[in-house]
Amino acid sequence: MSPADLEAVYEDLAETLDAMTEAQRPVFLAKLALLMAEALGDAGAVRGYIAAAVQNLDA
Amino acid sequence: MRPAGRGERDSLYFTYPTFEAPSGAARAGLTGRAPVVIVGAGPVGMLAALELARHGIASVLLEARDTFNDGSRAICVARQSFRILESVGAVAPFLDKALGWTTGRSFYRGRQVLEFAMPDSADEKYRPMYNIQQQFIEQYLWEAISRSPLIEMRWCSRVTGIADITGGLRLTVEDTQEGYAMEADWVIAADGARSPVRSLRGLRLAGQNFEGRYVIADVQMRHDYPTIRRALFDPDCRRGGTVLVHRQPDDIWRIDYQLAEGESEAEALREERVRASVAALLAELGHEGPWELEWWSVYSANTLALEDYRDGRVFFAGDSAHIVPIFGVRGLNNGLADAQNIGWKLARVLQGRAGAALLDSYSPERRGATLDVFANATRSARFMTPPGPGWALMRDAALNLALSHPFAGELANPRQMTPYTYADSPVVLPDDPGFDGGPVPGAVLPDAALEGGFLSERLGPGFTLVTCAPALAEAMAGEVEAVLIPPGSGAALLLRAGPRSAYLVRPDGHIAARVHDATAEDIRTALALSGCARQGEPA
Ligand SMILES: Cc1cc2nc3c(=O)[nH]c(=O)nc-3n(C[C@H](O)[C@H](O)[C@H](O)COP(=O)(O)OP(=O)(O)OC[C@H]3O[C@@H](n4cnc5c(N)ncnc54)[C@H](O)[C@@H]3O)c2cc1C
Numbered sequence: 001m002s003p004a005d006l007e008a009v010y011e012d013l014a015e016t017l018d019a020m021t022e023a024q025r026p027v028f029l030a031k032l033a034l035l036m037a038e039a040l041g042d043a044g045a046v047r048g049y050i051a052a053a054v055q056n057l058d059a
Numbered sequence: 060m061r062p063a064g065r066g067e068r069d070s071l072y073f074t075y076p077t078f079e080a081p082s083g084a085a086r087a088g089l090t091g092r093a094p095v096v097i098v099g100a101g102p103v104g105m106l107a108a109l110e111l112a113r114h115g116i117a118s119v120l121l122e123a124r125d126t127f128n129d130g131s132r133a134i135c136v137a138r139q140s141f142r143i144l145e146s147v148g149a150v151a152p153f154l155d156k157a158l159g160w161t162t163g164r165s166f167y168r169g170r171q172v173l174e175f176a177m178p179d180s181a182d183e184k185y186r187p188m189y190n191i192q193q194q195f196i197e198q199y200l201w202e203a204i205s206r207s208p209l210i211e212m213r214w215c216s217r218v219t220g221i222a223d224i225t226g227g228l229r230l231t232v233e234d235t236q237e238g239y240a241m242e243a244d245w246v247i248a249a250d251g252a253r254s255p256v257r258s259l260r261g262l263r264l265a266g267q268n269f270e271g272r273y274v275i276a277d278v279q280m281r282h283d284y285p286t287i288r289r290a291l292f293d294p295d296c297r298r299g300g301t302v303l304v305h306r307q308p309d310d311i312w313r314i315d316y317q318l319a320e321g322e323s324e325a326e327a328l329r330e331e332r333v334r335a336s337v338a339a340l341l342a343e344l345g346h347e348g349p350w351e352l353e354w355w356s357v358y359s360a361n362t363l364a365l366e367d368y369r370d371g372r373v374f375f376a377g378d379s380a381h382i383v384p385i386f387g388v389r390g391l392n393n394g395l396a397d398a399q400n401i402g403w404k405l406a407r408v409l410q411g412r413a414g415a416a417l418l419d420s421y422s423p424e425r426r427g428a429t430l431d432v433f434a435n436a437t438r439s440a441r442f443m444t445p446p447g448p449g450w451a452l453m454r455d456a457a458l459n460l461a462l463s464h465p466f467a468g469e470l471a472n473p474r475q476m477t478p479y480t481y482a483d484s485p486v487v488l489p490d491d492p493g494f495d496g497g498p499v500p501g502a503v504l505p506d507a508a509l510e511g512g513f514l515s516e517r518l519g520p521g522f523t524l525v526t527c528a529p530a531l532a533e534a535m536a537g538e539v540e541a542v543l544i545p546p547g548s549g550a551a552l553l554l555r556a557g558p559r560s561a562y563l564v565r566p567d568g569h570i571a572a573r574v575h576d577a578t579a580e581d582i583r584t585a586l587a588l589s590g591c592a593r594q595g596e597p598a
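Protein sequence lines, in the order shown, are assigned to chains A and B. The first sequence begins at 1 in the working numbering and counts up one residue at a time. The second sequence begins at 60 in the working numbering and counts up one residue at a time.
Chain A on its own, in the form it takes in the complex (with noise of 0.2 Å):
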């Protein structure tokens, strides 16, 4: 993924973040986690990266 790609996904994460109640956003964001996942199909990589997630959440 190129840096422009990534940053096109950033943008489209907060426009649709920003266009849902604050109450429908954790359940959107664990929706694309598993979604995500499926589309992974490797379990250890996926709990590598909630692993990485996790890192200074309270920095």
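Think of the hints as simulated: they come from the structure by calculation, not from any bench.
Okay, the calculated beta carbon distance ranges per label pair:
no.: 1; chain 1: A; residue 1: 43; chain 2: B; residue 2: 366; range: 31 to 37 Å
no.: 2; chain 1: A; residue 1: 51; chain 2: B; residue 2: 547; range: 48 to 54 Å
no.: 3; chain 1: A; residue 1: 51; chain 2: B; residue 2: 320; range: 28 to 34 Å
no.: 4; chain 1: B; residue 1: 171; chain 2: A; residue 2: 58; range: 37 to 43 Å
no.: 5; chain 1: A; residue 1: 12; chain 2: B; residue 2: 295; range: 30 to 36 Å
no.: 6; chain 1: B; residue 1: 438; chain 2: A; residue 2: 19; range: 32 to 38 Å
no.: 7; chain 1: B; residue 1: 495; chain 2: A; residue 2: 12; range: 48 to 54 Å
no.: 8; chain 1: B; residue 1: 287; chain 2: A; residue 2: 39; range: 29 to 35 Å
These figures come from a predicted structure and were not determined experimentally. Positions of the beta carbon are idealized from the N, C-alpha and C atoms, including for glycine.
Dock chain B with the ligand against chain A, hints included.
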């Protein structure tokens, strides 16, 4: 509970008999010693008596009540339980009455997100699950008991004391007359979740209590829907909660619904409250006709078990040994398997065909099955009643995603379990690596269509050798019954059996050992290890 104005036994569909304590001449024999006394004639105690009788062992069954239990309670009877009922000669009325089913559907906010089917095929004699009310289960077991000359049933007879004596136990029994004491070599305590025998022995259940509490309500109505288990997540009538709907015989429908957070049990159990909950659900299901409330109760999702199902000469079976959440539908089914397991083992020991060590395998095998239920039940409990905000979010996300993507609906699949495999049992042999797949030792022998019938029907009350090799069967004649399966047949393929392969199957249908290229000596060794058979005794 029943609606105001109706007694505890005023059922819309079931006529309760009333039994009496032994009286008259029968009382003379009450104090004799019995090889086995079973405390409690719920389904588990009754099955234990029938299993002992199947192997020729007499027992006395002591029951405190004067009739069958008050409501439908455990309604889902699994395939393996039907095999057990068949083996004790009791299955016919169950097949007439029970509603077999294979399919479940889950809904999220009124929309279907999953349809699952439990494994079934022409190789299976029985359907994966049947619905039937517990009163019928008890009635039909009782009918089988009353046909058996080996079982002495004593109603209205409550055990109030149990003490160790040399080589046995002494029981104190209260009945409607003066009461008495009697002795037994062995006791099976099948006296239910509040087991007085357990307390008398100073034992306690250990484990977890879950938050989820369910009201279970039976209504009678003409309602047009097949026998399919429905699970409604987050329905309009109960936002944030879960509702289960099951069809039972006699136009009875079971509705299980979760209590809301902070809702008191006393409040939830009030008749008006139950009626309102049922009415709201029926409206959501689109049921417009009349309905009558039959019975209701409350049930909580606990995972509790004894550390050891054996205490000296006392064996605990069924709810006295373990309490499991209802949505796993294992409470009754595992109890019946407990009864069968201890039944055949005690019979062999009492007949001197096996050493007492065989009895030590009861607790590890059956407690292992309970722990397996706990693992699964914990999984479904977390989905039905998420224990924290993270669990709730992921559950909602999965259900919501399932509206468009079926793979996510699989997370709602309860995966109703197959019977437990006794892989670590002291009386199950290690697998033979010569097999390329097929059922492993400790598992239940799978059923297979065989010569116009089923393999399961050919298994004897003792150990059975299942083999493709006529020479092996002949060499073992007089030592163990054999079932010959044709090489290359469906059954042989299912078992991955070659021309000299052999499976040794226990009286409970579990595989004790399998050998890919078997000799008579292999089978003798396996028999000795798995039945703790004494040398030279027929199996
Ligand atoms: C309200 C309720 C709802 C349930 N719903 C479900 C369900 O939906 N699905 C499910 O799978 N399971 C359900 N269960 C659990 C299921 O009913 C049990 O798993 C099953 O009945 C266990 O059978 P048992 O024979 O071990 O015990 P029980 O059926 O409880 O039988 C024990 C017997 O022992 C007798 N007894 C007790 N003390 C003595 C004594 N001192 N002397 C002589 N006899 C004595 C009792 O009278 C009773 O008859 C429910 C249970 C209850 C209470």
